[in-house]
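*Asks:* Taken in sequence, the protein lines are chains V and A. Oh and the first sequence: position 58 is 58 in full-length UniProt numbering, straight run, nothing missing. Oh and the second sequence: position 150 is 150 in full-length UniProt numbering, straight run, nothing missing.
Check each hint, because a few of them may be wrong.
[Stated by the list, open to error] Example chain V residues on the side facing chain A (calculated, C-beta under 7 Å, incomplete):
#1 I106
#2 V108
#3 Q192
#4 D196
[As the list claims (entries may be wrong)] Looking from chain A toward chain V, a few residues come up when the C-beta cut is under 8 Å (computed):
#5 D69
#6 F103
#7 G162
#8 W176
#9 G178
#10 L198
#11 T201
#12 D237
#13 Q243
I should point out that these hints are in silico values taken from the structure, not numbers from a laboratory. A virtual CB, placed ideally from N, CA and C, is assigned to each residue, including glycine.
There are 2 protein chains.
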Amino acid sequence: MQALPVPDLPEIREGDDIAALVDERIDLRPSDIVAVASTVVSKATGRTADLDDFPADDRARSVAQRLEDATGDEKDPRFAQAVLEESEELLIESPFLLTRTHFGHITVNAGIDRSNVPGHDLLLLPEDPSERAAEIRAGLDVDAPVLVTDTCGRPFRHGQRGVTIGWAGMPASRDWRGEHDRDGRELGVTVQSVVDELAATANLVAGEGAGGTPVVVIRDWDFGEHGGSDELFRDLDGDFVQQALRQWSYED
Amino acid sequence: MQALPVPDLPEIREGDDIAALVDERIDLRPSDIVAVASTVVSKATGRTADLDDFPADDRARSVAQRLEDATGDEKDPRFAQAVLEESEELLIESPFLLTRTHFGHITVNAGIDRSNVPGHDLLLLPEDPSERAAEIRAGLDVDAPVLVTDTCGRPFRHGQRGVTIGWAGMPASRDWRGEHDRDGRELGVTVQSVVDELAATANLVAGEGAGGTPVVVIRDWDFGEHGGSDELFRDLDGDFVQQALRQWSYED
Chain V
1 MQALPVPDLP EIREGDDIAA LVDERIDLRP SDIVAVASTV VSKATGRTAD LDDFPADDRA
61 RSVAQRLEDA TGDEKDPRFA QAVLEESEEL LIESPFLLTR THFGHITVNA GIDRSNVPGH
121 DLLLLPEDPS ERAAEIRAGL DVDAPVLVTD TCGRPFRHGQ RGVTIGWAGM PASRDWRGEH
181 DRDGRELGVT VQSVVDELAA TANLVAGEGA GGTPVVVIRD WDFGEHGGSD ELFRDLDGDF
241 VQQALRQWSY ED
Chain A
1 MQALPVPDLP EIREGDDIAA LVDERIDLRP SDIVAVASTV VSKATGRTAD LDDFPADDRA
61 RSVAQRLEDA TGDEKDPRFA QAVLEESEEL LIESPFLLTR THFGHITVNA GIDRSNVPGH
121 DLLLLPEDPS ERAAEIRAGL DVDAPVLVTD TCGRPFRHGQ RGVTIGWAGM PASRDWRGEH
181 DRDGRELGVT VQSVVDELAA TANLVAGEGA GGTPVVVIRD WDFGEHGGSD ELFRDLDGDF
241 VQQALRQWSY ED
């Protein structure tokens with residue numbers, strides 16, 4: 001398996017055709033997987049915004065005030081409003097906002113980026129990342145799966161890693177249930193989140209900042225003859241951590 | 001970047017020299033990273049065990065009983081005893097055991113494997129995975145970093161993915177703090193958990209079962225000129241999810 005950064009992509013702007021920009025820079029093969037950073041998907045689809053687009057209501061003002069009280073840092077209620085509008089639910093309200101987006105991804109501040117937006121204050125995550133992945137895929141010269149990736153932190157472990165938030169052309173996970181090891185014992189591992197492992201691989205070679213690239217091609221990797229599933233985001237019912245967070249309250 | 005499965009490794013037994021077995025099968029280069037599944041590290045270092053090695057005390061019997069009540073499945077108190085002895089703390093006691101191992105890894109059942117142990121009931125995780133990584137590294141023909149990897153589930157997202165539980169010869173994470181994007185803005189992403197992303201990459205090509213291999217070499221990946229850190233496992237103080245789980249109690 002190889003991971004190939006796609007070189008020399010320009011700064012992406014609203015209306016840019018990501019598929020065409022990729023096709024111009026790399027000869028894709030049908031077994032390739034194209035991992036695209038959500039930042040450029042958001043830029044191409046006009047998901048930039050300004051704080052003034054989000055006049056704060058009472059709830060946002062109270063959320064921002066609570067964050068200020070907990071952290072001692074000034075918090076803009078308009079940013080809290082943006083996070084609330086982008087979220088299905090707040091799982092942690094203090095000392096930071098951990099939310100579930102409308103499409104199911106759990107991340108800090110609904111994944112809103114304040115550092116990566118020329119000419120605007122905010123970059124929102126794509127509205128329906130799997131739909132965006134399907135659109136990019138439809139525009140490619142070859143029939144290759146497309147992933148829309150994000151980087152975010154996680155419980156239990158320090159540091160951020162790449163994850164997939166939208167996918168098209170392949171299942172989210174690979175299912176080993178019913179398969180056996182060399183001694184005939186049934187396998188312990190059952191469902192492998194291959195789209196997240198592919199996003200992690202892409203993130204290793206994408207880099208950040210001036211030397212980075214937002215698109216990475218995974219080559220010579222084979223899903224193989226396995227079952228698959230498109231379940232990726234856990235909902236509240238099946239996730240005890242979400243249930244615990246709902247009941248928990250931060251005390252300084 | 002390439003990920004190369006190391007072919008034709010034999011079933012690993014206690015006392016086997018993993019470094020020598022790898023060196024015999026692949027010409028390592030100094031910039032390679034060697035990812036070794038914890039299962040074979042455990043086998044080589046005699047971390048197999050039997051349920052009879054863990055006579056259950058009162059606490060284990062009560063933990064097993066609570067699991068039985070929650071799940072309706074029979075639970076062996078000796079297995080609960082093994083999990084307790086391998087754990088620093090139980091974070092979830094019901095309907096499954098989520099624990100922090102003595103070396104800081106948070107996983108179900110302290111990572112004890114019941115399906116992958118010829119001639120024994122249990123395979124325990126390595127006792128000090130970073131020390132084991134350093135030992136394997138010292139035995140290799142070239143000066144290459146070594147990772148000991150595990151696969152486990154996680155909150156918020158379905159499926160398992162590869163993670164690193166021990167490492168030697170490289171930092172756990174890559175730090176982008178202070179670096180800038182093409183427009184001169186300071187980067188939002190700061191600490192990237194590269195050892196976990198490398199473990200995820202390795203797991204994509206390792207496979208499982210009869211066709212799988214426990215050792216994968218990552219080639220042509222460069223850590224680059226960045227700061228690094230060896231913090232990987234979050235402790236309770238800095239992890240609100242752990243704090244929330246401590247307070248939470250499962251109700252059917």
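*Asks:* Run every hint past the structure and note whether it holds.
*Replies:* Checked hints:
no.: 1; hint: I106; result: holds (4 Å)
no.: 2; hint: V108; result: violated (11 Å)
no.: 3; hint: Q192; result: holds (6 Å)
no.: 4; hint: D196; result: holds (5 Å)
no.: 5; hint: D69; result: violated (16 Å)
no.: 6; hint: F103; result: violated (13 Å)
no.: 7; hint: G162; result: holds (6 Å)
no.: 8; hint: W176; result: holds (5 Å)
no.: 9; hint: G178; result: violated (10 Å)
no.: 10; hint: L198; result: holds (7 Å)
no.: 11; hint: T201; result: holds (4 Å)
no.: 12; hint: D237; result: violated (13 Å)
no.: 13; hint: Q243; result: holds (7 Å)
Checked against the numbered hints listed earlier, the structure breaks hints 2, 5, 6, 9 and 12; every other hint is satisfied.
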